[in-house]
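Using the hints provided, position chain B relative to the given structure of chain A.
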Amino acid sequence: MVEKALFAILMDGIFIKNFLLIQFLGLCSFVGVTKDVKSAAGMSGAVVFVMAMAASVSYLIYTYVLVPTKMEFLDLISFIVVIAALVQLVEFVVRKNIPSLYRSLGIYLPLITTNCAVLGVVLLNVSSEYNFIQSVVFGIAAGLGYTIVMLMMAGIRERSTFVNIPSSVRGLPQAFFIATMLSMAFVNYFWVIPI
Amino acid sequence: MTELVTFLVQAAAILGGLGLAVGVMLIVASKKFKVETNPLVDEIVEILPGANCGACGYAGCADFAERVVNEGAPINGCPVGGFDVAKEIGGILGQEVSEGEEQYPFVICNGGLNCVDRFDYVGFEDCKAVMLLSDGEKGCNYGCMGRGTCVRACPFDALTIGEDRLPHVNKNLCTSCGLCISSCPNDILVFAKESEQVHVLCTSHDKGKAVKESCTVGCIGCKICEKNCPEEAITVTKFLAKIDQDKCTACGICVEKCPQNTIAIR
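In order, the protein sequence lines correspond to chains A and B. Residues 1 to 195 in our numbering are what the first sequence spells out, letter by letter. Residues 1001 to 1266 in our numbering are what the second sequence spells out, letter by letter.
Same shape as in the complex, but just chain A (with noise of 0.2 angstroms):
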């Protein structure tokens, strides 16, 4: 196992491994769920929730259940059970206590199982050879900077709707040509943040 300090694992999941704009996964959410800032805040915290919870259970299981019996090869299905869980017990939680978030996030918060992100995380921990701690600290660096970048999107897209677009590129060609503007941004860190 490498060893890695858990700030530079922090600053990786963060930026230069940045799940939206550098790995294109979780897609679907970046361009569903960015019209406005509230509910892209409200699905990124289920995401950093649904991300922390997954890389914790599944590093459990994956050492103490998987790997003892020499079962690695099921990593994948079991982890799909996990997340699909975790997904279920976040939308009750959201919808017995933010009724409002739980409509205008509608069809995407059942989406976070199927988020190629969160699996993302999980079979990343699993390849990168991370223990426990790293696992935990790359799960929420990882749903930070899908905060981020939600966020940021939100923004512009809330603000743009005021400028005069032509109106055959408004809507996702829109949102298309904001999320290159901003991946170009972030490939940039690849050479601002040497690890």
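Hints were generated in silico from the structure; no laboratory data involved. Just so you know, not all the hints are guaranteed correct.
Below 25 angstroms or equal to it, Euclidean Cα-Cα: the simulated DMTMM-like pairs (lysine to aspartate or glutamate) are [stated by the list, open to error]: (1) A:35 <-> B:1063; (2) A:38 <-> B:1066; (3) B:1212 <-> B:1256; (4) B:1242 <-> B:1187; (5) B:1257 <-> B:1135; (6) A:96 <-> B:1196; (7) A:35 <-> B:1066; (8) B:1209 <-> B:1135; (9) B:1087 <-> B:1256; (10) B:1212 <-> B:1164; (11) B:1171 <-> B:1194; (12) A:96 <-> B:1043; (13) B:1207 <-> B:1187; (14) B:1242 <-> B:1213; (15) B:1242 <-> B:1196; (16) B:1212 <-> B:1194; (17) B:1032 <-> A:91; (18) A:70 <-> B:1003; (19) B:1193 <-> B:1256; (20) B:1207 <-> B:1256; (21) A:96 <-> B:1046; (22) B:1087 <-> B:1102; (23) A:96 <-> B:1036; (24) A:38 <-> B:1063; (25) B:1128 <-> B:1164; (26) A:96 <-> B:1063; (27) B:1238 <-> B:1226; (28) A:96 <-> B:1066; (29) B:1238 <-> B:1196; (30) B:1171 <-> B:1213; (31) A:38 <-> B:1071; (32) B:1193 <-> B:1231; (33) B:1257 <-> B:1196; (34) A:96 <-> B:1042; (35) B:1031 <-> A:91; (36) B:1034 <-> A:75.
Quick caveat, the model's predicted, so the values are computed rather than measured.
For chain B alone, kept in the frame of chain A given last:
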């Protein structure tokens, strides 16, 4: 052989155990975080067509059902379901529904091949794309581009572009959801009731000379129809005739008199 069997059993046991643990946890959580839902909402969701087209103005069928029960949204708000669905919703909520007259999208442009082109457009077959090039290839800036944006907007295949390069509505398939109307960049699709017989098939506010140069069937604002209408149902404003459907008796005099054949009875 026995090795394989134990291997498979082990794998199944691990996945099964995981599933069981997760399932138990979810059952406990669902008991703890149970939300009381209104059974009326579920009942209405069952009745709605489930197209989730958004034509009612809400996020989807489930959202519409909730608004109907809790916030008094109109029970005949679902255009896809039509009167039958409204009646069933009314039955559940104990409200009376009166049947509104059916209305369908109607094309108020007769341009098509009658309208001259200013240039040859080669590119993406879409009205909005054509419109980006100096308001379209047609000599008339108000008319139908005939590139089928409305056809693609219709989820029920009710529209086709005919030989005359104009869209035609198939009333048997149309559900009056209005998606084609909102997709049209030139607003030449409008809702028209079945009882409204006489229509001005032009939306051009150009002066007569300009209309004559570009289109053989456009309204030139000559006011002949306005003078001849016995019911005074027609007014010409900004070189375009408009029919007051409440006064019109569909006598057909204006249709005969119109020198451009712009007005039509259907």
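| query | Within a Cα-Cα threshold of 25 angstroms, do residue 1238 (chain B) and residue 1226 (chain B) meet the stated pairing? | reply | 13 angstroms, holds
| Is residue 1242 (chain B) within 25 angstroms of residue 1213 (chain B), Cα to Cα? | Distance of about 22 angstroms is within 25 angstroms: holds.
| Has the given pair, residue 1242 (chain B) with residue 1187 (chain B), been kept, meaning a C-alpha gap of at most 25 angstroms? | 15 angstroms, holds
| query | residue 1087 (chain B) and residue 1102 (chain B): Cα distance at most 25 angstroms? | reply | 15 angstroms, holds
| CA of residue 1257 (chain B) to CA of residue 1196 (chain B), is that 25 angstroms or under? | 19 angstroms, holds
| message | Just to be careful, I want the Cα atoms of residue 96 (chain A) and residue 1042 (chain B) compared with a cutoff of 25 angstroms; is the pair within it? | response | 18 angstroms, holds
| query | Is the hinted pair residue 1032 (chain B) and residue 91 (chain A) satisfied, with a Cα-Cα distance of at most 25 angstroms? | reply | Judged against 25 angstroms, a Cα distance of about 13 angstroms means the pair holds.
| message | Would the hint linking residue 1193 (chain B) and residue 1256 (chain B) be met if the CA-CA limit is 25 angstroms? | response | 23 angstroms, holds
| said: For residue 1171 (chain B) and residue 1213 (chain B), compute the direct alpha-carbon distance and say whether it is at most 25 angstroms. | reply: 34 angstroms, violated
| message | For a C-alpha distance cap of 25 angstroms, please report whether residue 1212 (chain B) and residue 1194 (chain B) respect it. | response | Given pair residue 1212 (chain B), residue 1194 (chain B) is violated - Cα atoms ~31 angstroms apart, limit 25 angstroms.
| field | Given hint residue 1063 (chain B) paired with residue 96 (chain A) - CA-CA distance at most 25 angstroms | value | Distance ~17 angstroms between residue 96 (chain A) and residue 1063 (chain B) Cα, so the pair holds.
| When you check the alpha-carbon spacing of residue 1193 (chain B) and residue 1231 (chain B), does it fall within 25 angstroms? | Given pair residue 1193 (chain B), residue 1231 (chain B) holds - Cα atoms ~20 angstroms apart, limit 25 angstroms.
In summary, the numbered hints that this structure violates are 5, 6, 9, 16, 30, 36.
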